[in-house]
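Undergrad: The residues making up each chain are set out below.
Number of protein chains: 2
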Amino acid sequence: MPVVPRAVVALIESFESLPGIGPKTAQRLTYHLLHAPQEVAQNLADALLRIKKEIVVCQICFNISEKTPCVICEDLSRNQKVIMVVEDPLDVLAFERTNFDGLYHVLGGRIAPLEGIGPDELRIKELLPRVQNGVVEVILATNPNMEGDATAMYIERLLSPLVKVTKIGRGLPVGGDVEYADDQTLMRSLENRG
Amino acid sequence: MPVVPRAVVALIESFESLPGIGPKTAQRLTYHLLHAPQEVAQNLADALLRIKKEIVVCQICFNISEKTPCVICEDLSRNQKVIMVVEDPLDVLAFERTNFDGLYHVLGGRIAPLEGIGPDELRIKELLPRVQNGVVEVILATNPNMEGDATAMYIERLLSPLVKVTKIGRGLPVGGDVEYADDQTLMRSLENRG
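Heads up: the sequence lines are chains A and B, in that order. Start counting at 1 in the first sequence, then tack on 8, and there's your number in the working numbering. Start counting at 1 in the second sequence, then tack on 8, and there's your number in the working numbering.
Okay, chain A solo, but in the shape it has when bound (with noise of 0.2 Å):
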């Protein structure tokens, strides 16, 4: 019998296969949860098994809700004539922390060639019949990196023959210092500059 309980090794291995945690972090996770109430354990494994459960993809915009179309396809309140690109749902949270009101469409990633990964693997040709009702401006918000401008182009050269296509400003963020900008960066706001 190993000197480290078969339990407590699989809960590490669990934890480590998580992205971002290393063997150490896992171990700690591991005897604090040992030591923490039984309940703390108990949420945790029981919100695990709910989302798998609860959570479904939204079959108009593809972000993960409770139900389909999910709240934000729903809501007729919203700026139905905008619809914004992003790669994941994690985007759409961060946006909705903005006064932004249209409507979303996740892609469930990027275009990334080394990985596999082409348009097809993407939720981009399900942009095609939602566009044709009434949208004016579809605005692009992959992310700002080699992948996310290469899979910006794609969709803008698929979608500009048939609405107005924009794509979130680049630049420096707000607090940021010119000094300790980057090349690239710098470029980009003197582009957008006005």
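Heads up, a few of these hints could be off.
The list treats identical chains as one, so a pair stands whether inside a single copy or across any two.
Claimed, not checked - Derived pair list, reagent style DSS-like, types lysine-lysine, alpha-carbon separation capped at 30 Å:
| # | residue 1 | residue 2 |
| --- | --- | --- |
| 1 | K32 | K175 |
| 2 | K32 | K75 |
| 3 | K75 | K133 |
| 4 | K60 | K175 |
| 5 | K89 | K175 |
| 6 | K133 | K172 |
| 7 | K175 | K133 |
| 8 | K75 | K61 |
| 9 | K32 | K60 |
| 10 | K133 | K61 |
| 11 | K89 | K61 |
| 12 | K175 | K61 |
| 13 | K172 | K60 |
None of these hints come from the bench; they were simulated from the model.
Place chain B on chain A using the hints.
TA: Frame of chain A, contents of chain B only:
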């Protein structure tokens, strides 16, 4: 109905309640699990439920174990004459990677008056019957900080009339750099020379 499904909020909050996991990490872990295959969340949930069911505290050394007495306390091939006193089960794990082959005694923390943890909250008095059973040496291996040192001092005073008490060496860590060592460590390394 909220924009973020309740089950997702519940999981984010459960992760956030763990030490060292902030809101951003909790969000990222949750969305990772939403996209990961069903088994990943299921395995983590199972492991969480298992630790509380299968893990007990050894009634001799107070380490966590699958049964009591634990495998270390029951292993007669180990040196029964030496007991190492540590703060937590993780410390046992660390010393098991060395060539130490005696027994352990897990205090369950350290004396910390500011947190209301006195000697009675720890497994200190449980050491007394153990050292009267042919034990020739007790090695104190509490953490090298103020609270760990105070705990060691308390136990040393208690046990030194009964048995030889030693402390693990203090000094520069292997691979360390004299130039960058702090004053306290350098002073200890001088006192500990030989």
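Undergrad: Check K32 against K75 for me: Cα-Cα at most 30 Å, and say if that holds within a copy, between copies, both or neither.
TA: So K32 and K75 pass the 30 Å test across copies only (25 Å; inside, 38 Å).
Undergrad: For the identical chains here, do K75 and K61 meet the 30 Å Cα criterion within one copy, between copies, both, or neither?
TA: within (12 Å within a copy, 35 Å between copies)
Undergrad: With identical chains, the pair K175 and K133 could be close in the same copy or across copies; at 30 Å between alpha carbons, which is it: within, between, both, or neither?
TA: Close inside one copy (19 Å), not across copies (68 Å); limit 30 Å.
Undergrad: Tell me, please, which holds for K89 and K175 at an alpha-carbon limit of 30 Å: within, between, both or neither?
TA: within (16 Å within a copy, 73 Å between copies)
Undergrad: Within, between, both or neither: how does the pair K172, K60 come out at a Cα-Cα threshold of 30 Å?
TA: neither (37 Å within a copy, 57 Å between copies)
Undergrad: At 30 Å max between alpha carbons, let me know whether K89 reaches K61 within a copy, between copies, both or neither.
TA: The answer is neither: 33 Å in one copy and 54 Å across copies each exceed 30 Å.
Undergrad: Is the C-alpha distance from K32 to K175 at most 30 Å within one copy, between copies, in both cases, or in neither?
TA: between (41 Å within a copy, 25 Å between copies)
Undergrad: Please sort K175 with K61 into within, between, both or neither, judging by C-alpha distance up to 30 Å.
TA: neither (36 Å within a copy, 53 Å between copies)
Undergrad: Within a copy, between copies, both or neither: which one fits K60 and K175 at a CA-CA cutoff of 30 Å?
TA: neither (33 Å within a copy, 51 Å between copies)
Undergrad: What label fits K133 with K61 when the C-alpha limit is 30 Å: within, between, both, or neither?
TA: within (28 Å within a copy, 49 Å between copies)
Undergrad: Which holds for K32 with K60 at a C-alpha limit of 30 Å: within a copy, between copies, both or neither?
TA: Close inside one copy (28 Å) and across copies (21 Å); limit 30 Å.
Undergrad: Quick one: K75 to K133, C-alpha cut-off 30 Å, is that within a copy, between copies, both, or neither?
TA: within (22 Å within a copy, 58 Å between copies)
The structure is inconsistent with the numbered hints 4, 11, 12 and 13, although it conforms to all the rest.
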